[in-house]
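Enquirer: Taken in order, these protein sequences are the chains called U and W. Going letter by letter, the first sequence gives residues 1 to 333 in this note's numbering. Going letter by letter, the second sequence gives residues 1 to 389 in this note's numbering.
Rather than coming from a laboratory, the hints here were simulated on the basis of the structure. Check each hint, because a few of them may be wrong.
Stated by the list, open to error - 30 Å max Cα-Cα, derived DSBU-like pairs, lysine-lysine:
hint	chain 1	residue 1	chain 2	residue 2
1	U	LYS95	W	LYS219
2	W	LYS323	U	LYS244
3	W	LYS114	W	LYS177
4	U	LYS260	U	LYS241
5	U	LYS95	U	LYS141
6	U	LYS260	W	LYS255
7	W	LYS219	W	LYS323
8	W	LYS114	W	LYS219
9	W	LYS323	U	LYS86
10	W	LYS52	W	LYS255
11	W	LYS114	U	LYS86
12	U	LYS260	U	LYS244
13	W	LYS99	W	LYS114
14	U	LYS86	W	LYS99
15	W	LYS255	W	LYS323
16	U	LYS241	W	LYS323
17	W	LYS99	W	LYS323
18	W	LYS114	W	LYS52
19	U	LYS95	U	LYS241
Computed from a predicted structure; not experimentally measured.
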Amino acid sequence: MPPAQPDLPKVRLHVVTGKGGTGKTTVASALALAMARRGRRVLLAEVEGRQGISQTFDIAPLGHRETRILHDRTGGELWGLSVDAKESLREYLQKFYKVGRAMSVLDRFGAVDFATTIAPGVRDVLLIGKVYEAAGRRTGKAGAPVYDAVVLDAPPTGRVARFLNVNAEVADVARVGPIRTQADSITRMLRSHTTAVHIVTLLEEMPVQETVDAQAELRAVGLPVGAIVVNQLRGPMLSAKALKQVSSSRTARLATGVAKDLESVRVRVTNGLVEGLLDDARQHADRVALERDQDAILRDLGRLMVRLPLLPEGTDAGGITVLAEALADQGML
Amino acid sequence: MASRASTVPTLDLATLATDPATRIVVCCGSGGVGKTTTAAALGLWAAEHGRKVVVLTIDPARRLAQSLGLTELDNTPRPVAGIDTSAGGSLDAMMLDMKRTFDEVVEHHAPRDKAAQILANPFYQAVSSSFAGTQEYMAMEKLGQLRAQAERDGRWDLVVVDTPPSRSALDFLDAPKRLGSFLDGRFIRLLAAPARAGSRAGLKVFSVGVNVATSTMSKLLGGEMLRDVQTFVAALDTMFGGFRERADQTYALLKDPETAFVVVAAPERDALREASFFAGRLEEEGMPLAGLVVNRVQRVAAPSLSASRALAAAEQLGDAEEKSTTASTTQGLLRLHAALAETAARQEAVARRFAAGHPGIPSVEVPAAAQDIHDLEGLRAVGSALTGG
Ligand SMILES: Nc1ncnc2c1ncn2[C@@H]1O[C@H](COP(=O)(O)OP(=O)(O)OP(=O)(O)O)[C@@H](O)[C@H]1O
Ligand SMILES: Nc1ncnc2c1ncn2[C@@H]1O[C@H](COP(=O)(O)OP(=O)(O)OP(=O)(O)O)[C@@H](O)[C@H]1O
Ligand SMILES: [Mg+2]
Ligand SMILES: [Mg+2]
């Protein structure tokens, strides 16, 4: 039996992963937008410095300072952040040791580079540490959370389990000490019911395989898998009946009918035209069948499945809003 | 196709792959465009045309790996079954095991007792299995090894290499340097020999700085970590020269005229833009670019019927008072045809624009197959498109 689904409305940290190029940034953006449009205060964060968020919303590049992207009529707000490992280290030193000033010395001796790029796992602790801090941040003494939800545009499936499993990652190099303590508390939050890791995929063999592998890896390290988001779907162009007809082994009668139909609307039926149309339709039918198989593999994972259409115009000009509404309609918030 | 051939120089991979002077083909490009497929297809084609080929693949899709007999991850090339050897060629294939390749480098270069120490060090383990750039570095290392073996025992006369999945094709050229500069890193050196560095600088303030740096780091990470880094670096020091030299040699190999880079791209704006960056970079580095493979190009089987005519006809059929039994299917066929023809036209426009902007880069198109390419038959079809057959 598959493990219980995280209770999505209660989730405070949404982590979005998937094979490269499947639509992680797009889906993370749409999810954050959908929540902001429903009156929630949401932070959307990226950790690889790629400026995917600012490109998606067509705004100035984001930095390590949280910046408001939009304010909705409902009172909801969307904030953006591009986490920088060095800045996180500086904040961290300042907060725990009051040694923010030491940064320049550390920097001069290459220790900052060492900690933020080389020391295994430390970079990831610093990056997720910032997201963890934002998710848990509270205002004033009463302590209402600053953000109702945080959405993380995470690294791709191949790296995500390692990235999120910071605890094990730093275990080798930092067996004691504050980095270790920090990693432990991050891990507690990530494994709790307030986190969900969503996986974005296409209905193609490799992304689906990676989704299946990632789900197993995430489960093995105790991280809660949320929804499977099937992105860039094209509806079948042919009816079920037509798909069956073109895939049948005998299409001679169909070909005659099609030729007559074409002539009736004065399309000149040249040599090979009907055969060509049927050939393409057969290939299309093969592809639809393949997609159906992949869909079944994903359904077997027993997670919430969310399906998003391929937007012919791409994600500009309101496209993200269309996807945001589709996510909301399908129960992802 | 014919209309394009007159304006775009064609990439003649058949001549390239059969030319005995071509000893290395590197297939690169951004993520998911078809690098692995192209490498395998070109390797297979060359083997079936008389070359003795070894293909180095990186993370092939599972079913493709099975068809190539890549079921054992033992980091050595094995013969591929089911190929036509009548032209006197042969095909071996392997899947890169990055960690194992790194281990072998250590074992080869470090004295035996030091090697064991390095292999057991947690820093080494992390760097060899997860450092960004290690895969690229090890792909180059393996390429160097295969090329050297080809020279030594004559088992191969052509090495075809796939490159790791990454956002940018440039990573393949840049990542190894990044790893090199890590191993050369200043802090690492300081940790390895703080006393030496301090006295050489001859300045008290310098060693004070080092102390602040190391003590802050050990506060953060715990003292044990520093000891681990120190032993790692000390051990690595003993083999560092050989390591560096090796990487430099492989890099030089990439500039040799016996090497040909093939850039793979999808017929989309972003992918082609990436390809053009990469082509520019190869030129800067003096690395020989053979040309561009535009992969997964949409073809239509009935090109005589235009998209707009097909749509209009579909509409007319829908409006007709009397409908034949096949009318709705015919409408579907016409709409499908129109969608495919539109995609094909859009791709062709993008490709044409690229060609106009890069008149010096020959290219060849590979049609999109309906299914994934996962067996020798599929690879042969791609190989035949690649070589214009
Ligand atoms: N549903 C959709 N309809 C149309 N275009 C889409 C859709 N989803 C994503 N795209 C487009 O696909 C491309 C890749 O999407 P995106 O950048 O979100 O992927 P990613 O997984 O974040 O990629 P990377 O691995 O490079 O970070 C973008 O150009 C995006 O606009
Ligand atoms: N011409 C083609 N027609 C149909 N499918 C193709 C074609 N070329 C590649 N594919 C399919 O596309 C997918 C990606 O191809 P491939 O693995 O070769 O890309 P890659 O560039 O090596 O990807 P990565 O960057 O992840 O290593 C595979 O499933 C492959 O079968
Ligand atoms: Mg992205
Ligand atoms: Mg590949």
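Enquirer: If a hint holds in the structure, say so; if it does not, say that too.
Expert: Outcome of the hint check:
A distance of roughly 14 Å separates the Cα atoms of LYS95 (chain U) and LYS219 (chain W); the hinted pair therefore holds under the 30 Å criterion. Between the alpha carbons of LYS323 (chain W) and LYS244 (chain U) the distance comes to roughly 20 Å, so the proposed pair stays at or under 30 Å and holds. Our distance criterion of 30 Å between C-alpha atoms is met by LYS114 (chain W) and LYS177 (chain W), whose separation comes to about 24 Å. Restraint check: the Cα-Cα separation between LYS260 (chain U) and LYS241 (chain U) comes to about 19 Å, which is no more than 30 Å; the hinted pair holds.
Distance check on the hinted pair: LYS95 (chain U) and LYS141 (chain U) sit about 18 Å apart at the alpha-carbon level, within 30 Å; holds. About 61 Å separates the Cα atoms of LYS260 (chain U) and LYS255 (chain W), which puts this hinted pair outside 30 Å; it is violated. For the hint pairing LYS219 (chain W) with LYS323 (chain W), the CA-to-CA distance comes to about 82 Å; that exceeds 30 Å, so the pair is violated. With a C-alpha separation of about 28 Å, the suggested pairing of LYS114 (chain W) with LYS219 (chain W) holds against the 30 Å cut-off.
Annotation: proposed proximity of LYS323 (chain W) to LYS86 (chain U) is violated, straight-line Cα distance about 69 Å (limit 30 Å). Pair hint LYS52 (chain W) plus LYS255 (chain W) holds up; C-alpha atoms about 22 Å apart against a cutoff of 30 Å. The suggested pairing of LYS114 (chain W) with LYS86 (chain U) is violated, with an alpha-carbon distance near 34 Å, which exceeds 30 Å. Taken as a hint, the LYS260 (chain U) and LYS244 (chain U) pair is honoured in the structure, with Cα atoms around 20 Å apart against an allowance of 30 Å.
About 18 Å separates the Cα atoms of LYS99 (chain W) and LYS114 (chain W), which keeps this hinted pair within 30 Å; it holds. Between LYS86 (chain U) and LYS99 (chain W) the alpha-carbon distance is near 28 Å, which keeps this suggested pair within the 30 Å criterion. Note on LYS255 (chain W) and LYS323 (chain W): the hinted pairing is violated, with a Cα-Cα distance of about 66 Å set against a maximum of 30 Å. The hinted pair formed by LYS241 (chain U) and LYS323 (chain W) meets the criterion: a straight-line CA distance of about 16 Å does not exceed 30 Å.
A threshold of 30 Å between alpha carbons decides the hint, and for LYS99 (chain W) with LYS323 (chain W) the separation of about 65 Å lies outside it, so the pair is violated. Simply put, LYS114 (chain W) and LYS52 (chain W) have alpha-carbon atoms about 38 Å apart, too far for the 30 Å limit, and the pair is violated. For the suggested pair LYS95 (chain U) and LYS241 (chain U), the alpha carbons sit about 66 Å apart, so the restraint of at most 30 Å is broken.
In terms of the numbered hints stated before, the structure departs from hints 6, 7, 9, 11, 15, 17, 18, 19, listed from lowest to highest.
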